[in-house]
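J.: Guided by the hints, dock chain G onto chain B, whose structure is given.
The primary structure of each chain is shown beneath.
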Amino acid sequence: MNVEIKEKQSYTISVYTENNIGLLNRISAIFQRRHINIESLNTSVSEIDGVSRFTIVVFIPEEQMKKIIGQIEKQVEVIKAYYHTDEETIYQESCLFKIKSDLLFEDRQIQNIIKDSNARIITVNRDFFVLEKSGRRNEIELLYRELSAFGILQFTRSGRIAVTKERMEISKMLAAFNY
Amino acid sequence: MMNVKTLKIVDNKMKSKLRISGSEAVVRCLIAEGVNTIYGYPGGAIMPVYDELFKFQNEIQHVLTRHEQGATHAAQGYARASGKVGVAIATSGPGATNLITGIADAQIDSTPMICITGQVGSHLLGTDAFQETDIIGISTPVTKWNHQITKASEIPEVMAKAFYIARTGRPGPIVIDITKDAQFEMFDFSYEKCTGIRSYIPVPETKPNTLKTAAKLINAAKKPLIIWGQGVILSEAESELKAVIEKTGIPSAWTIMGASAIATSHPLNMGMVGMHGNYAPNVLTNECDVLIAIGMRFDDRVTGKLETYAKQAKVIHFEIDPAEVDKNVKTEVAILGDAKNSLQALLPLLNKNEHGKWLKKFKDLYTIEYEKVINNDLFPTKEGITMGEVIKEINKQSKGQAAIVSDVGQHQMIACRYAEFNVTKSNITSGGLGTMGFALPAAIGAKMAVPEREVVAIIGDGGYQMTIQELGTIFQTKVPVKIVVLNNDFLGMVRQWQQLFFDKRYASTEIENPDFIAIAKGYSINARKVTKRKDIASAVEEMMTSKAAYFLEVSVEKEDNVFPMIPTGASVSEIRLS
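Protein chains in written order, with our numbering: chain B, 1 to 179; chain G, 180 to 757.
Because the hints were derived from the structure by calculation, they are not lab data. Here a beta-carbon is modelled for each residue, glycine too, at the ideal position from N, C-alpha and C. There could be a bad hint or two in this list.
As the list claims (entries may be wrong) - Okay, derived cross-link-like pairs now, BS3-like style, lysine-lysine, Cα gap no bigger than 30 Å in a straight line: (1) G:LYS509 / B:LYS8; (2) B:LYS66 / G:LYS391; (3) G:LYS391 / G:LYS506; (4) G:LYS340 / B:LYS172.
Stated by the list, open to error - Across the chosen pairs, the derived CB separations fall in these ranges: (5) B:ARG136 / G:LYS395: 45 to 51 Å; (6) B:ASP86 / G:LYS196: 52 to 58 Å; (7) G:ASP479 / B:ILE90: 38 to 44 Å; (8) B:THR123 / G:THR306: 35 to 41 Å.
Here chain B stands alone, though its shape is the one from the complex (with noise of 0.2 Å):
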């Protein structure tokens, strides 16, 4: 195979499951066994009722995406797999900073980060303020490197959400098999 001369990509996966136990170990193996590195991974409810959405984001060619697909559709509990560019989807990551509370009244700077990158402070208290900020993974990465320079208690980051541009037909599927 000569996968490996093909351009490597960012890819969207978003699969539509039934709500089961242990279905993340048998999509996550899939790619375990074939040496890929998950980039981020994120389970949610769907827009149908009973319908769980993973969005699972890799780095890889894209000959190497369709054999995935093919392996995570033939799960028997996974209704539908689709993978999409970055240009195809619309997506989100959302991160949170915890930072100490001093340096939001004595350091004039930071008040302007918050306000140029459109970030929200969720809670303030005597000790920390907690700092969230949603967008595109460089928006979020400038935010922490700004940040960084006042020391940041915590910090976390959410696997990425993503919605397509084009329609994803489950709903239709699910009606045939119901009618």
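T.: For chain G alone, kept in the frame of chain B given last:
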């Protein structure tokens, strides 16, 4: 598109609700699914189910194997010989982990099998309780589906789903893990067979235009080649395949898993492809203009070096599992769906044809293979006995009617190359996983599934000792399987590779073997050892005419090699004859 309707057929006998325990429900589900033989080994966490099996012993025969691995291979042998779902049962912890090799084997060879495991009580899950193992976690990568039951009320639905998933689409193994409290719990039982799952499309839709495109390519082909695999057997498409082959006159070859779907003697059957397959179909794979793959998955043992595999050919792939399409070999057209239906629909679109000149190439290459390899294997002039001549004698005396259950190694390749198959489902072997120790228990299961057939296990001295304890199962059940051990006192296939690629450094491949005859006799199995050519025929005759189980050991040449051979990383056309 999902084209399956949810239709649940209520089994009338089960319509009235019964208040029973989870363990009784398990047994009643098995009966409702038509199971009459299961293989297993009892233990603490599965005891309630065994107690019910005792009560229902007139309806379900439980075969006590001597190791849980034996139970899985027996269930596999049962499934492969009958086309039905094989069932194995074991306790938690080590009982469950001992099933894993058989489960992995069933997964890679698409064998329908259900494994039921006991589990510690649900209040003990995750506490490292005695004999607790996360068998769901362990079996996930090697099962088509698995599920843990913690409430008795889940049992009927999960069992119904399990049977449906195991046998539909591309079949595969399923693990159902049942906590001990769920086995004891009383509930109102009723059983409905499963006929559809919304997230699961067992057979993808066949697009008529793909069939038309395929027919056009086949009709225009000058040098077409068919390679079929086990998909033909699993979808029972043997007669449809035969009709296609005979109408089009296309030379056809098979993968190891496809063996026996078409009779060995059929004039268009060109033999086996792959590492130790026949010379002509391997070489000519790289010369054909259209390659028609039917129910096979282009395993690396079939393709050799992918970069040079059939590059000149347009590839048509008949396949039930969409994930197999374009996985290893790029296809010109893929016909998704069930092979039986697809071939049926294809047949009227095909032109009647003959490929005389192209066929002659196969015959010429066969002649070369015959002179360089086959003649020496089947009609040796040297003193030592060859494995091939033993198979030849079995062919002769069974009239090619026996089901051959082979283990893994040199004897397996020889058995598959030279066994004469006249009946489908006659080649039961571990193809994908290459599980040594498969044959003895698989032969037990196969014989129980098709008692009217002669079942002959062909095993090497290495693999035999991996599951030799199953002689105990034969002893106890008196199942009349015929066991042939081709003994070269070596782990022969590895030794062959050491000879060819590791400068004859025979690291740990020489085996000092016990007295196999004494062992067989210890289990009251009639046994005979042959060391001279002149005794082969009478010994095989004695074995074949025996009404009871029979053990035949043949001392074969110690350092024979299996040829032809495609060395790893070489192209199929670089197949070696010596």
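J.: Against which earlier hints does the structure fall short, listed by number upward?
T.: none
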